[in-house]
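4 protein chains.
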Amino acid sequence: MQFASDNGGPAPRAVLEALAEANTGYAPAYGTDPLSQEVEERLRALFEAPEAAVHLVATGTAANALALSTLCQPYQTVFCSPQAHIHMDECNAPEFYTGGAKLTLVPGDDRMTAEALRAVILGEEGRGVHGPKRGPVSITQVTEYGNVYTLEALRALADVARDHGLPVHLDGARFANACVALGCTPAEMTWKAGVNVAVFGGTKNGLLGVEAVIFFDPAQAEAFAHRRKRGGHLFSKHRYLAAQMAAYLRDDLWRDLAGRANARCAELAAGLDGIAEIRNEAQANMLFAALPRALHRRLMAEGAAYHIWEGTLEGDDPAEMLTARFVCDWALDAAELQRFVDLVRAGA
Amino acid sequence: MQFASDNGGPAPRAVLEALAEANTGYAPAYGTDPLSQEVEERLRALFEAPEAAVHLVATGTAANALALSTLCQPYQTVFCSPQAHIHMDECNAPEFYTGGAKLTLVPGDDRMTAEALRAVILGEEGRGVHGPKRGPVSITQVTEYGNVYTLEALRALADVARDHGLPVHLDGARFANACVALGCTPAEMTWKAGVNVAVFGGTKNGLLGVEAVIFFDPAQAEAFAHRRKRGGHLFSKHRYLAAQMAAYLRDDLWRDLAGRANARCAELAAGLDGIAEIRNEAQANMLFAALPRALHRRLMAEGAAYHIWEGTLEGDDPAEMLTARFVCDWALDAAELQRFVDLVRAGA
Amino acid sequence: MQFASDNGGPAPRAVLEALAEANTGYAPAYGTDPLSQEVEERLRALFEAPEAAVHLVATGTAANALALSTLCQPYQTVFCSPQAHIHMDECNAPEFYTGGAKLTLVPGDDRMTAEALRAVILGEEGRGVHGPKRGPVSITQVTEYGNVYTLEALRALADVARDHGLPVHLDGARFANACVALGCTPAEMTWKAGVNVAVFGGTKNGLLGVEAVIFFDPAQAEAFAHRRKRGGHLFSKHRYLAAQMAAYLRDDLWRDLAGRANARCAELAAGLDGIAEIRNEAQANMLFAALPRALHRRLMAEGAAYHIWEGTLEGDDPAEMLTARFVCDWALDAAELQRFVDLVRAGA
Amino acid sequence: MQFASDNGGPAPRAVLEALAEANTGYAPAYGTDPLSQEVEERLRALFEAPEAAVHLVATGTAANALALSTLCQPYQTVFCSPQAHIHMDECNAPEFYTGGAKLTLVPGDDRMTAEALRAVILGEEGRGVHGPKRGPVSITQVTEYGNVYTLEALRALADVARDHGLPVHLDGARFANACVALGCTPAEMTWKAGVNVAVFGGTKNGLLGVEAVIFFDPAQAEAFAHRRKRGGHLFSKHRYLAAQMAAYLRDDLWRDLAGRANARCAELAAGLDGIAEIRNEAQANMLFAALPRALHRRLMAEGAAYHIWEGTLEGDDPAEMLTARFVCDWALDAAELQRFVDLVRAGA
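Sequences listed follow chains A, B, C and D, in order. Numbering-wise, the first sequence is residues 1 to 348 according to this note's numbering. Numbering-wise, the second sequence is residues 1 to 348 according to this note's numbering. Numbering-wise, the third sequence is residues 1 to 348 according to this note's numbering. Numbering-wise, the fourth sequence is residues 1 to 348 according to this note's numbering.
Hints were generated in silico from the structure; no laboratory data involved. The beta carbon of each residue, even a glycine, is placed where N, CA and C say it ideally should be. Don't take each hint at face value.
Claimed, not checked - A few chain D residues that don't get close to chain C, going by computed Cβ distances all over 10 Å:
(1) Ala58
(2) Glu125
(3) His130
(4) Tyr145
(5) Leu151
(6) Arg230
(7) Leu234
(8) Lys237
(9) Asp251
(10) Glu267
(11) Ala335
Claimed, not checked - Here are a few chain C residues that face chain A, going by a calculated C-beta distance under 10 Å:
(12) Leu16
(13) Asp89
(14) Phe96
(15) Gly99
(16) Gly131
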């Protein structure tokens with residue numbers, strides 16, 4: 001009954017096997033090996049972007065911060081949601097990598113609206129050198145609250161950015177989950193919607209630690225390459241990153257894994273329907289739902305693992321509803337999930 | 001006949017097996033899992049430093065730059081050799097992570113002498129706020145030219161640093177090779193010699209990508225932890241770093257691997273003795289040796305892989321002696337090495 | 001009828017005379033001259049802080065950003081009001097000087113309440129390395145909306161900071177105006193209230209460009225001195241900064257100038273009372289007040305200079321109330337002020 | 001007998017008068033006032049560069065560091081002399097403002113040769129992402145050792161830079177002294193020689209503290225403006241910077257002042273000829289010359305002020321020759337200079 005995060009579970013066997021396969025003989029270092037080159041080519045094909053520049057890094061924070069540093073001058077500001085991972089969960093990595101840029105929060109939901117984005121961008125207009133210059137728009141897909149932007153919504157945000165000459169960054173830590181939820185292609189969710197740089201995350205979807213950063217305009221690639229090295233994120237034994245990504249791409253494993261995670265989440269939502277207060281649409285692999293404090297305590301005592309998102313388990317009122325985050329990863333056992341639902345239904 | 005680098009070869013089977021073993025079930029993220037905790041404990045034991053703070057990162061550049069950023073204010077300077085990896089090969093990572101500190105090069109050999117270090121430190125004295133304030137001393141063991149500091153030499157350098165109140169950083173990308181060459185303990189080569197922060201490298205000695213940063217004064221650990229996260233170097237699935245390091249420590253695998261690499265290098269030096277002009281003592285796993293241009297060309301045509309260090313293969317004079325770097329890694333095949341030596345002896 | 005800013009008016013004759021007096025013979029550079037030393041001593045006396053470290057810089061942005069950089073690690077966050085100058089008007093200078101720290105905005109009024117500050121600080125608790133570590137609290141006195149914290153309010157904020165081990169920075173660009181409004185001593189408004197570092201602004205109160213940064217704990221002085229030089233803010237001909245500050249301190253000129261500015265503002269508020277919608281208490285030298293759009297247009301046509309703060313002069317409805325900011329400086333002519341009031345009363 | 005520095009003397013009366021003249025009435029802030037605009041126009045005319053972007057700052061360190069930050073990416077390196085002010089005397093300001101770029105020192109004299117520069121630039125070729133990317137070339141005119149590049153030498157350096165696509169920065173803290181020494185126009189010493197960004201220094205030549213940064217390609221101006229503000233170097237009361245520069249430009253005061261300083265230096269060199277060991281050509285306003293230790297002591301006892309450049313006054317051998325730096329500023333009294341020469345000739 002593991003719902004704590006999608007970075008707690010194991011990697012699929014195919015990924016470990018790919019590592020073992022790659023572990024033979026000698027290979028050129030720093031990404032010049034054939035496997036790395038092949039993976040880049042396959043990513044370009046997947047994204048229908050033959051000119052794109054592709055770089056692998058090992059963490060999502062590195063992927064985001066490096067991508068933003070290439071798009072954003074230190075005297076600019078990045079527009080993002082108040083719940084964005086780059087704002088909440090990266091310990092100032094974007095500020096560090098950009099050399100001190102600011103993050104300007106777009107008020108509202110975890111899903112920014114085009115209207116709110118436009119209002120904030122206009123609000124920074126005419127500030128001369130006193131405020132920061134307006135910089136990239138960063139969109140998180142799936143959002144930190146488990147919601148998925150429609151392609152229309154993405155396009156509307158990107159249109160606002162383009163109207164003001166601002167580039168668009170997509171934080172795709174859960175890119176696959178969104179793609180599966182929308183039933184769309186990677187190209188549709190990125191450059192066809194107006195995204196300039198996308199992070200194609202693998203770590204939360206079954207890899208040990210690999211994210212691909214895709215620049216649809218390759219002119220920005222050289223700066224990224226230097227910044228990656230300068231940030232300590234260029235692996236000498238790059239083939240081990242490439243091998244993971246190769247396994248991820250083979251036979252659309254990435255879709256398969258995300259499909260499983262999303263399916264588990266849908267089952268969970270269905271199972272809790274009518275009992276819990278469901279807080280989000282749960283199209284992807286995260287469900288936010290409220291249950292009474294006393295029930296949370298009993299579930300955890302039974303071994304369920306997840307995070308209380310609002311409120312605290314400590315508290316007097318056993319009936320108080322506390323919202324929890326339930327994350328389903330690809331490896332989540334369907335029987336375990338059913339056991340959890342049964343416990344909830346039985347009042348644990 | 002692979003002498004190009006010690007980051008081109010495969011990882012030992014035990015490392016891949018450890019990854020597979022770690023790949024079961026769910027584990028807490030970000031280094032809070034039991035395996036990560038156990039590995040930290042074992043590193044403390046190995047270094048005979050029960051209070052030390054231990055952090056794993058995936059690249060040597062990250063390890064060095066993060067360690068230096070914790071020791072060095074942005075208005076300070078780091079003292080190091082002109083050949084230091086932090087100066088030559090990290091694309092300004094130390095400058096980036098420290099927020100703009102300078103590197104002051106200690107003239108002379110790749111192995112700094114205590115006299116030269118003291119002279120440079122004294123030369124920066126009395127500069128008030130005009131020059132940078134004096135900061136850490138960074139020592140590379142094994143040096144980039146394949147030389148090993150004796151314990152006496154390390155202590156002498158650390159004494160100079162301590163005389164001026166400066167901390168000492170040890171870049172140990174080839175820590176194991178040095179330790180084996182000196183026949184000493186990790187403690188003797190670090191805190192017992194006056195080192196404050198050491199990088200215990202694994203990547204060049206058989207791991208996929210793991211380095212341990214050891215702070216012998218744990219007071220600096222909290223800052224390091226935040227800086228690691230801010231740099232994008234905290235792995236969510238930290239157990240896969242820990243598993244590699246666990247395998248590396250088990251039954252002193254790290255010593256075993258380094259011993260093999262050093263032995264190959266000694267064999268190579270012996271094999272080339274009297275033919276090549278040997279440039280360094282080659283106590284560890286790197287040999288610098290000069291051969292005629294024409295011979296280099298023939299060797300490479302036969303499949304030997306290594307880097308010309310001084311001069312260029314292009315050139316008219318077939319007899320000109322060109323110094324090459326030969327790096328032996330743990331996996332280097334002894335028969336292949338013998339084939340190479342035979343080719344050299346036969347004039348290829 | 002000049003209400004646009006307190007950086008548009010002239011300097012008092014005494015300041016120019018002090019510059020001319022200082023302009024004789026040769027003086028040691030970089031702040032080691034006798035006049036600079038004397039001014040530091042007098043500032044320590046004024047603040048009743050014989051141990052304080054005092055540094056002069058030429059701009060308020062430099063004063064704030066350098067002070068914060070000394071208090072704040074790059075992986076920390078600064079707590080401030082959403083209207084704070086450091087957030088709104090310094091083009092990322094705090095982010096730049098701290099090496100990438102974040103600014104966390106305390107919701108509410110331009111005057112932070114202790115409750116709101118405590119809630120935000122507590123909200124950042126337990127975030128481990130994912131969020132920034134909690135850093136300094138920055139208080140602006142007078143606020144950007146012309147309000148003045150009482151000494152009780154300052155103490156309450158500083159108490160919250162101290163409860164969490166956080167240092168307190170006071171942005172005192174209008175320090176003198178606040179001091180006069182409160183009828184307190186500089187010591188009462190700073191270290192006696194719990195402030196660790198204060199900016200004693202002179203530029204907005206009649207100087208050409210000088211601010212004093214006062215560290216009540218001199219241990220932080222050395223870092224500041226290096227950071228000032230590194231930021232390009234150490235004047236070689238430092239005596240010309242010192243001369244301005246000397247004139248400012250002589251016979252409490254700073255109080256006299258601020259008193260005049262505050263008095264003009266009070267007259268303006270009284271004059272507009274019953275006609276304009278007054279938005280703030282206007283204890284210091286800034287009045288925020290709303291007038292109909294058509295009246296604004298006529299006043300500006302008559303030569304009045306000030307900024308519309310909310311809304312825009314362009315617009316159809318002549319009766320719409322638009323809030324403007326009226327800033328009174330020390331040199332503001334009382335007759336001109338009366339002429340402005342008369343124009344308003346006459347409907348311009 | 002003041003030879004310590006050209007930042008110790010007074011400003012000419014005309015500069016103080018210009019400040020007083022500018023100190024009337026109200027003026028728009030932040031450089032939008034008419035005087036600031038006029039000064040920019042006059043600088044463009046002086047440099048025969050009608051399209052140039054001109055910005056004033058108050059210190060030479062700010063001018064250099066901001067200029068370099070606009071030319072140089074954080075992952076690049078700046079090529080300069082080992083004696084360059086940006087390397088030796090700015091406490092890491094270039095590293096800070098560029099976000100962590102490196103300075104690569106061109107071996108040799110304080111005057112870089114085109115050959116040495118080309119060799120160093122070529123030495124950084126082919127380093128991929130491991131070394132920094134090659135960035136701007138920074139030339140100091142007059143050098144820190146009092147030497148002046150000929151126009152031919154400047155052009156040769158700029159040609160090397162242009163051959164590699166690198167921009168050229170001119171640190172002109174003593175621009176006027178060089179221009180007078182060469183008998184050339186500002187245009188000839190800058191863009192006509194291939195300089196992209198020049199600092200036209202005023203502080204060392206009689207101003208209280210103003211330097212103009214001239215971008216001959218105005219495309220870089222916007223970034224500079226934001227960086228100036230972000231660095232805390234945009235003066236709100238900008239007219240007081242502009243007034244100084246206006247006085248400096250009026251009737252070629254800058255040439256007149258530099259001419260005086262250079263003339264004093266020539267007189268000093270002539271006076272010491274045959275007694276001291278002259279170390280440099282002393283075309284501008286700095287003489288490096290060696291005298292016996294005992295004589296230095298007597299001269300200083302008589303009130304002469306200057307810095308010993310090599311060696312130390314403390315020492316046993318009274319006859320040891322110690323090189324000193326003698327800096328002549330515009331205000332240096334000719335009679336005092338003669339008195340000094342007489343003392344030297346008399347053995348003090």
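Hint check:
A beta-carbon of chain C comes within 10 Å of the beta-carbon of D:Ala58; the shortest separation is about 6 Å. Once the 10 Å rule is applied to beta carbons, D:Glu125 is consistent with being away from chain C; the minimum gap is 31 Å. Distance check for D:His130 against chain C: the nearest CB is about 24 Å away, which clears 10 Å, and the non-interface claim stands. Non-interface call for D:Tyr145 relative to chain C: holds, since the shortest CB-CB distance, roughly 19 Å, exceeds 10 Å.
Interface exclusion of D:Leu151 from chain C stands, the closest Cβ pair being 28 Å apart, more than 10 Å. Against chain C, the non-interface label of D:Arg230 is violated: not every CB pair exceeds 10 Å, the least being about 4 Å. Listed as a non-interface residue, D:Leu234 fails to keep its Cβ farther than 10 Å from every Cβ of chain C; the least gap is roughly 7 Å. Against the 10 Å criterion, D:Lys237 falls within the reach of chain C, whose nearest CB is about 5 Å from its own CB.
Consistency note on D:Asp251: stated as away from chain C, and its beta-carbon is indeed over 10 Å from all of that chain's, at 20 Å minimum. The Cβ of D:Glu267 lies farther than 10 Å from every Cβ of chain C, with a closest approach of about 18 Å, so its non-interface assignment holds. At the 10 Å boundary, the C-beta of D:Ala335 stays outside the reach of chain C, the nearest C-beta of that chain being 15 Å off. Annotation: interface hint on C:Leu16 violated; nearest CB of chain A at approximately 28 Å, more than 10 Å.
Here the hint on C:Asp89 is kept, as its CB sits about 5 Å from the closest CB of chain A, short of 10 Å. The restraint placing C:Phe96 at the interface with chain A holds, with a minimum CB-CB distance near 4 Å, inside the 10 Å limit. The interface hint given for C:Gly99 holds, since its Cβ lies 7 Å from the closest Cβ of chain A, which is under the 10 Å cut-off. Hint on C:Gly131 holds. Least Cβ distance to chain A is approximately 7 Å, under the 10 Å limit.
Figure legend: structure checked against the earlier numbered hints; hints not met, in rising order: 1, 6, 7, 8, 12.
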